[in-house]
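> So the sequence lines, in the order shown, correspond to chains A and B.
Here the first sequence is numbered in the numbering used here, starting from 1 and rising by one per residue.
Here the second sequence is numbered in the numbering used here, starting from 1 and rising by one per residue.
Hints listed in this document are in silico derivations from the structure and should not be mistaken for laboratory results.
Don't take each hint at face value.
You can't tell identical chains apart in this list, so a pair holds if it fits in one copy or across any two.
No farther apart than 20 Å at their CA atoms in a straight line, the calculated lysine to any residue pairs in the SDA-like style are these [claimed, not checked]:
#1 LYS303 x GLY67
#2 LYS132 x ALA194
#3 LYS158 x GLY199
#4 LYS161 x LEU323
#5 LYS304 x ASP216
All figures in this text were calculated on a predicted structure; none of them were measured in a lab.
Protein chains: 2
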Amino acid sequence: MTTLKNDLFLKALKGETVPRPPVWMMRQAGRYLPQFRKLRDKYDFFTRVQTPELACEITLQPIDILGVDAAILFSDILVIPQAMGMKVLMEEGKGPVLPDGISSSRDVANLAIDNIEEELDYVLKAIALTKKALNGRVPLIGFAGAPFTILCYMIEGKGSKTFDKAKEFCFANPQLAHQLLKKITTATITYLKAQVAAGVDCVQVFDSWSGLLSPDDFSQFSLRYLKEISYALSPLCPVILFPKGSWYALEELSKTRAAAIGIDWCITAKMARAQVDKNITMQGNFDPAKLLCDPNDIEKEVKKMIDAFGVQRYIANLGHGILPHVPVENAKAFVDAVKNYKA
Amino acid sequence: MTTLKNDLFLKALKGETVPRPPVWMMRQAGRYLPQFRKLRDKYDFFTRVQTPELACEITLQPIDILGVDAAILFSDILVIPQAMGMKVLMEEGKGPVLPDGISSSRDVANLAIDNIEEELDYVLKAIALTKKALNGRVPLIGFAGAPFTILCYMIEGKGSKTFDKAKEFCFANPQLAHQLLKKITTATITYLKAQVAAGVDCVQVFDSWSGLLSPDDFSQFSLRYLKEISYALSPLCPVILFPKGSWYALEELSKTRAAAIGIDWCITAKMARAQVDKNITMQGNFDPAKLLCDPNDIEKEVKKMIDAFGVQRYIANLGHGILPHVPVENAKAFVDAVKNYKA
Chain A
1 MTTLKNDLFL KALKGETVPR PPVWMMRQAG RYLPQFRKLR DKYDFFTRVQ
51 TPELACEITL QPIDILGVDA AILFSDILVI PQAMGMKVLM EEGKGPVLPD
101 GISSSRDVAN LAIDNIEEEL DYVLKAIALT KKALNGRVPL IGFAGAPFTI
151 LCYMIEGKGS KTFDKAKEFC FANPQLAHQL LKKITTATIT YLKAQVAAGV
201 DCVQVFDSWS GLLSPDDFSQ FSLRYLKEIS YALSPLCPVI LFPKGSWYAL
251 EELSKTRAAA IGIDWCITAK MARAQVDKNI TMQGNFDPAK LLCDPNDIEK
301 EVKKMIDAFG VQRYIANLGH GILPHVPVEN AKAFVDAVKN YKA
Chain B
1 MTTLKNDLFL KALKGETVPR PPVWMMRQAG RYLPQFRKLR DKYDFFTRVQ
51 TPELACEITL QPIDILGVDA AILFSDILVI PQAMGMKVLM EEGKGPVLPD
101 GISSSRDVAN LAIDNIEEEL DYVLKAIALT KKALNGRVPL IGFAGAPFTI
151 LCYMIEGKGS KTFDKAKEFC FANPQLAHQL LKKITTATIT YLKAQVAAGV
201 DCVQVFDSWS GLLSPDDFSQ FSLRYLKEIS YALSPLCPVI LFPKGSWYAL
251 EELSKTRAAA IGIDWCITAK MARAQVDKNI TMQGNFDPAK LLCDPNDIEK
301 EVKKMIDAFG VQRYIANLGH GILPHVPVEN AKAFVDAVKN YKA
C-alpha cells in the first residue's frame, strides 16, 4: 500500500488535529472544466462512466488543475438501479430517464441484487486504476446514492423538483416502499464494500432528495437505511452522510457512526454544530452560486465560513455540486482561499 | 360592511380563542377542481386573471365545494412585474416566461412603479366583486409575491429549480439588486394597500424561493423587505408571511409585526414553536403529497398535525400549493378532518 502524501482529509474525518481544513468540491470532476468538456464531446455519458481509463482520467483532472485535498471517483448514483436490472438513459444536459419505472410489487421482486459486484466491475477497475495513478497524492472517495434518493428515480422515472410520484408511492404503499428500500440498501452495502476492497479511502452517501421529506417521513423512509449503511461500512472506512436539506435530523444523523455529515448552505455553522455530537466532522456548506462572484469576494466568504466552523472537525466543500458555468479561476479561488486560511 | 358569518380565520390570526383551527389550502382555487379545469379549457390564463367575473367565480369554487374557512383571491404573483412594465407569458402547464429579463441598471431604472393601482385595477374589481358574492360567508385573503421571489422571476426570466442566475445577480451586483428589491417593495406595498382598500380581510406574502438563500443572504436580500411590507400593511389588516423553506429565520420573522408565519412540512410543530414568539400564529404544514394517500390516512395525519400545533394560534393548511392530481374527495377529507378535530 502506498502511503498518503496528503492525509489532511482523512485526519479531519478521524478528528485528528489539522493545521487547516481540507477542501474538495462536490462534482469537482465535472462540466466546469474544459478538459472534462473535451472528453464529453468525444465519449457519451455511459462510455465515460464504464471505461475505467476515462473515469480515472476525469477523476484526476481536478487534482491536477485545482489541487484539492481529495479525489472523488467519477461515476453516477444511477449505476445501482442499472446493476439491479433497470434501464437508465442519460441524455446530455437533460438528466436521467428510467423508462421502466417501478410501480408494482412484481417490479420490486424483479430487481436483482445478487450480481452487484459483477455488474459494477467497471467501477472497481476504475478505482484500482485511479488509486495507482494517484500514487498516494490524495485519498480517493467512493460513493453511492442513498436508498431514498435511488427510490425517487426508480419510481419517478426521471428527475423532478418535488418527486411527488415517488413520495405518493411511499405514503400510499409504505410496505412495498420498505421492501424496495431494503433491496436498494442491500445492493448499496455490497457495492460500497466492494469499493473499499478495491481501494477507496472513504465513502460518501448522497441523499440528494431527502430534504423533500418531513422530519417524520425522513426517519421512516431515509434515516434507518442510512444508518444501516453507516453501520455496515464504518468498520471498514470513514463514512460521510449527506442528506441534503435534512437539517432537522442532524442530531440523529450524528448517532449513526458516520465520521462526517454534509450540510447545504441553508443552515449556519452555529445551528449545525449546536445539533451534532462533538465527535463528528461537518462538511460543507458554501452556496455553489457564490462561486459566480468575484474571486476576492469568494475569498472573503470562505474566510467567514471557516471562522464560523473552526479549523478542526471540518471539511471545506460546497453545499451542493459545482455549477457548470463556474469559471475555473473561481473554483481555484475557493480552493486557494481554504489553503491560505488564517484565523 | 357585511358582518362575517365565519370569522374563525381572523380570530386565529388575532390570537383569539377558537373552538377548532380554521382551515384553507394554498392553491385551493386550482387545477385539482373539475370546475376550474372547465374554465381553464375555455379561457386562457390571463383572461381568467384579468376578468373580474372569472377570477371571482374561481375564487368561490373551493368555498362552495370544500367548505374552507377562508377564500383566497384567484390571481398570480407575476401581475406585479407585468404592472411594472415587463412582458409575462404563461403557457398552460409550462410555467411563466419573462422574455425580457432584467440584466442592467437601465432595465431596473425602466421599471415603472407609478401606475400600479391603475395597471392592476382588474384585481381590485375582482376583489370588490368577490367580497359581494361571498356575502360575509368567509374572509377574503389578498396576496402578493415577496420581493426576492419576484426578483427571481425578473432576472431568471422563467421558473427554475435553483434560480442560480437570479442569485448570481444578487451576489455579484448587490447594490443593483437592492435597487430592484426596493422598487418591487414599493410597488408591492402600493398593491397590497389597494387590495385592502378594495376589501380583502388579510394579506399573505409568498416568498416561494427564499429557501434557496443561506441564512445570511436571506437576512440581506429577503427579510428586510418582508419586514418593510409587514410594517406598512399590519396597521391595516393581519399579514401572513410565508417564506417557504426559511425555517432558520423563524425567530426573526416573528418580530416583523406579522400576525402569522407559514411553514412548509420540513419542520416539526415543536421545532417551529420553539423559535417563534408566543404572540404569533403558525400556518401550515401538511405535506401536499400526503393528500395522495387514502382519506382515512389523511384524517390520521391531520389529527397528528393539530395535536402537535395545538388548537390555538394555528391555521391548518398545506405546506405548499395543492397538487393538480389530488382527488377532490381527498382535499375534502383534509378540510373535514380539521373541522371534525377532537383533541
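> All hints are to be evaluated individually against the structure, with a verdict given for each.
Against the structure, the hints come out as follows:
| no. | hint | in the structure |
| --- | --- | --- |
| 1 | LYS303 x GLY67 | within (18 Å within a copy, 54 Å between copies) |
| 2 | LYS132 x ALA194 | within (17 Å within a copy, 70 Å between copies) |
| 3 | LYS158 x GLY199 | neither (32 Å within a copy, 45 Å between copies) |
| 4 | LYS161 x LEU323 | both (17 Å within a copy, 13 Å between copies) |
| 5 | LYS304 x ASP216 | between (33 Å within a copy, 11 Å between copies) |
In summary, the structure is inconsistent with hint 3 from the numbered list given earlier, while agreeing with all the others.
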